[in-house]
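Engineer: So you can see what is in the structure, the chains are spelled out below.
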Amino acid sequence: DTAVSQTPKYLVTQMGNDKSIKCEQNLGHDTMYWYKQDSKKFLKIMFSYNNKELIINETVPNRFSPKSPDKAHLNLHINSLELGDSAVYFCASSLMDNEQYFGPGTRLTVT
Amino acid sequence: GENVEQHPSTLSVQEGDSAVIKCTYSDSASNYFPWYKQELGKRPQLIIDIRSNVGEKKDQRIAVTLNKTAKHFSLHITETQPEDSAVYFCAADSGGYQKVTFGTGTKLQVIP
Chain A
1 DTAVSQTPKY LVTQMGNDKS IKCEQNLGHD TMYWYKQDSK KFLKIMFSYN NKELIINETV
61 PNRFSPKSPD KAHLNLHINS LELGDSAVYF CASSLMDNEQ YFGPGTRLTV T
Chain B
1001 GENVEQHPST LSVQEGDSAV IKCTYSDSAS NYFPWYKQEL GKRPQLIIDI RSNVGEKKDQ
1061 RIAVTLNKTA KHFSLHITET QPEDSAVYFC AADSGGYQKV TFGTGTKLQV IP
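Protein chains in written order, with our numbering: chain A, 1 to 111; chain B, 1001 to 1112.
Just to be clear, a hint being listed does not mean it is correct.
Straight-line alpha carbon distances no greater than 30 Å define the calculated DSBU-like cross-link-like pairs of lysine-lysine that follow [said to hold, decoys possible]:
#, chain 1, residue 1, chain 2, residue 2
1, A, K19, A, K41
2, A, K67, A, K9
3, A, K9, B, K1107
4, B, K1099, A, K9
5, A, K9, B, K1071
6, B, K1071, A, K44
7, A, K41, A, K9
8, A, K44, B, K1107
None of these hints come from the bench; they were simulated from the model.
Chain A with its partners taken away, still in its complex shape (with noise of 0.2 Å):
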């Protein structure tokens, strides 16, 4: 009954490899995002999607391609990977204009 869950919880990869984590909300929600979460905590939102529309693409590398193949799904992934890519990757869904349900967060490690 997880309400958004991510896979992997966590990737160790080396650079250059291509990844892709998964997130899934079954809580009705209209909007999906992802941001990155970097060593200093800071929490960088990177794409909205709303009714698998993208709404909002803050300047992110174009390595980084988000896909929402329904509603309830937003997926994200990333090519070439970078050293500067490591961080953690939550997912989050929501109403709009309302309280963000966030997913148990992807560890991404490039070696």
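Given the coordinates of chain A, work out where chain B should sit on it, guided by the hints.
Structural biologist: Below, chain B without anything else, positioned relative to chain A:
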């Protein structure tokens, strides 16, 4: 775009004392102000929120105040306990398709 400043970045208090965290925002269109608590290794979770038509909201030991004229809002925790130790984030939401902007976080340490 919206800019949210949060202070202090770190805060240490003795157990039982009060803690106050302050945030300012720049966009007068912002109308929803949530506060999230993130324990070590966990996800951020909402602890309290306030909308622009309300000046104050309280939930047990936690309260939030909002001053729309000055564009600032504050989180107040009374009778702090060790389990209050966490990073706290304020946020401002200007509604519609505008993004929620988070503050930079306050690491609160409650000393037993």
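Engineer: CA of K44 of chain A to CA of K1107 of chain B, is that 30 Å or under?
Structural biologist: Holds, at about 17 Å.
Engineer: Run the distance test for K1099 of chain B versus K9 of chain A: straight-line Cα separation, threshold 30 Å.
Structural biologist: Status holds; Cα separation ~26 Å.
Engineer: Between K19 of chain A and K41 of chain A, is the straight-line Cα distance small enough, at 30 Å or below?
Structural biologist: 23 Å, holds
Engineer: Regarding the pair K9 of chain A and K1071 of chain B, is the alpha-carbon distance no greater than 30 Å?
Structural biologist: Roughly 38 Å between the alpha carbons, so the hint for K9 of chain A and K1071 of chain B is violated.
Engineer: Verify the proposed pairing of K67 of chain A with K9 of chain A, using a straight-line Cα cut of 30 Å.
Structural biologist: The given pair, whose Cα atoms are some 19 Å apart, holds under the 30 Å limit.
Engineer: Between K41 of chain A and K9 of chain A, does the CA-CA distance stay at or below 30 Å?
Structural biologist: Holds. K41 of chain A to K9 of chain A sits at ~17 Å (cutoff 30 Å).
Engineer: For the pair supplied as a hint, K9 of chain A and K1107 of chain B, confirm whether the alpha-carbon distance does not exceed 30 Å.
Structural biologist: The hint holds at about 24 Å.
Engineer: Is K1071 of chain B close enough to K44 of chain A, meaning Cα to Cα at most 30 Å?
Structural biologist: 22 Å, holds
Going through the hint list in order, the structure does not satisfy hint 5, though it satisfies all others.
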